[in-house]
Amino acid sequence: MDKQELWQNVLSQIQLQISQANFSTWFKSTAIISRQKGHIIVGVPNSFSREWLEKKYNRLILNILEELSEKVKHLEYKIVAIPVTQPVSVYKEIQSSANQLELEELNLDKTTNLNSKYTFDNFIVGPFNELAHAAGTAIIKNPGRIYNPFFVYGGVGLGKTHLLQAVGNKIHQDFKNKKVKYFSSERFITGIVNAIRNQSIHQFKEEYRQFDVLIIDDVQFFAGKEKSQEEFFHLFNLLYEDNKQIIISSDRPPRAISALEERLRSRFEGGMIADIGSPDFESRSAILKQKVHDKKTLLDDLVLEYIANNVQKNVRELEGALNRLIAWQELNSQDVNLELAKNLLRKTINPKNKRVDFQKVIKIVADFYSLDKKDLFLNSRKKEIVKPRQVAMYFMRKELNSSYPFIGNKFGGKDHTTAIYACEKISQGIKKDEQLAEEIEVMKEKIYAY
Amino acid sequence: MKITILKNKFSKGLSIVEKITGRNFTLPILENVSISSEESTLRLSTTDLEIGISYWIMAKIEEKGKITIPVKPLSNFVSLINEEQINMETKENTLFLKGEFYKTQIKGLSADDFPIIPEVSEDIWVEIDSKQFSQAILQVIDFCALTQTRLELSGIYLSFEKDQVKIVTTDSFRLAEKTIPVSAVSNDFNIQTLILPRNAARELVNIFSQEDGAMKLYLSPNQIMAEKRFPDSDKPCVRLVTRLIEGEYPNYKEVIPTGTKSKVLIKKEELSNQIKKASLFSGKSNEVAMDIESKKGEITFFSQNVDLGETKSKLKADIKGEEVEIRFNYKFLSEGINQINSKDVSIELNGSDGPGLIKPVGDSSFLYVIMPIKPS
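Order-wise, the sequence lines are chains A and B.
Its first residue numbered 1, the first sequence is counted upward by one per residue in our numbering.
Its first residue numbered 1, the second sequence is counted upward by one per residue in our numbering.
Keep in mind the hints are simulated off the structure, nothing from the lab.
There may be inaccurate statements among the hints.
Claimed, not checked - Computed, partial: chain B to chain A, Cβ under 10 Å:
1) THR47
2) ILE117
3) ASN273
4) ILE275
Beta carbons are placed, not taken as given, at the ideal position from N, Cα and C, and that holds for glycine.
Please work from the sequences and hints to get the whole structure.
In structure tokens form, the structure reads like this:
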């Protein structure tokens, strides 16, 4: 007889000897949790049950156990944690809008820094992220052995963080003895700065060395922070030599991160690099359906299709559009139909309403190439200035639909043919030069970021 | 059992222990109060199997004994007696109450079937002012999560250190933390943390907010006991034993913002009035927008409702830092501000989608973190 059967037998006999009320109160959620050499430990849900069984039913239980020819030397009762159901709350839950923000940090696991809401179960896979997903699932089976480091890149709001965290969560769950740690690069940098200030850089490194899986998000922020890069480089080598898994994300591939040291770049490129692109229509629909399901509401399929068709670039915007509709639905207690959805989302979807203007393009291009805004208008043929100027002209043509003479005029009275040449050159360049293509993508995203 | 007891004391005792009893179909004895006589005291106990309360009253004991009696009818009856003393006697399972002008009998159940209220080891304890402790719990108790999904957030987190205790609640939209001093601790006391169920906290406040002086909390892994002793005696006068919530409380300190982008100093009274005014128009979403204009030193409150209309009003304030337009659920905002006891309130904001920190001015023992509504 195993311990479960044994306890079943005991219960069925006790049932006959005490009142139903007593039985259901005191023997509910009890079980034998260990039986070794006549030493039996019975798990009980709370201290009330323990006192009662110990003081009132101990004799009875012992007798029955003996009848079942079980040799008992010692019988002990122990409280085991069983989730308690609190009486249904009489307080009304406060009504709140679907857009109410939460204190996200409360969802973080204390030891790993991971947010448990990110899992593979709610990660939608499509052609746009197949490779990254496949690499991620390979890693969780055998962390540190294949694809090390694993470098994921892609634009904002496409699910990099989700994938990274899901990998971390899964490893944490499957390999109990592996230490997983997730950091945003910002936190990592703050850590280094503090360590330098407190002269505890050695301890800092020691601490990081213990991790079996280190996940660093948004590594592009390392750009230009040389000391952090150096420390990270050493740490990287240490972990890598010990076959510890390193997972990194960025908004662009390693070679497109300006001001990243060559040795770090080559390290990043040494493992598996996977990109996450923009989701296709089917994936967008699937994502929307998943979100609707998560939020436990209902929306018309036609409406979802409309959103999927019109919000194309990024998953976060998809969610934003969806939230808007759900909030409206909750507020007005009325279902959103297609016409209404079009109306409500007009502002979000119609890109013309986005404030993209000449000033903004100039600012973003100048910022990107670390120039002053004035520099773009200089009548200079220096290489560092010519290219940014051409890029700015290209954006004015492509994104603002400005005329060539207007563009030429804006840049210090240049001829319209200069503008045409610039635009052609960049357009051609994008096709041949991948780095330039990446740069253009990143700037474009920034232009439309707000 | 044969005893004589003062009516007022008996009545008070019953009113304290009766709160946690209620209809119970599986175990009707839980509707009863257990009455048992000790050397010179009478002990009243009730339990709902999560919380147990015991209360001791001085009495003249002629003959020892014990019994359990349905607490509601007994308590109601005793409160209506207008004589100073009560003579009580038990025969079998019936309680006889006798005075100069009345004679009453109430049927009860045998005390042997009454649950045993667990004892808590007295090794680890803290001593704390009972009124101050009750006040502090009241200040944060409304911000517990009411969901079943995250049980650890449904209780009150207590973190005891040698000289202070931090009392924390959060429902993931806002968080409150109150710090009060601890007057004494047991030997070799290390930091002790626990999660107190909300119901138990309410009972604790009900009982101990009326008591002057210090109370003791005995801590153990699954349960705690709150105790108050008779003055000049080491005999307990009232005890509450409760189960604790298992689980790990999140690392709540991560939530409290360390930096600030905009800082507002404002009169509490004026602020709550403005919020009240705006809330009338906020509709179902409870949404109130605040436009913090540091240059003008003004806050504009705005709310609108498709059916009713809209309102906009301004308030002068001392503002430093960035301008920001931020939207809050007015209930979250006013509930937090209501718990602030100073004349002026300090509000520190971190952009339109970052956490806000609300504190009393000149009192660092309380803080309230609130998340805004996402800007659209």
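key: Structure-inconsistent hints, enumerated in ascending order   = Hints 3, 4 are the ones this structure does not satisfy, whereas the remaining hints hold.
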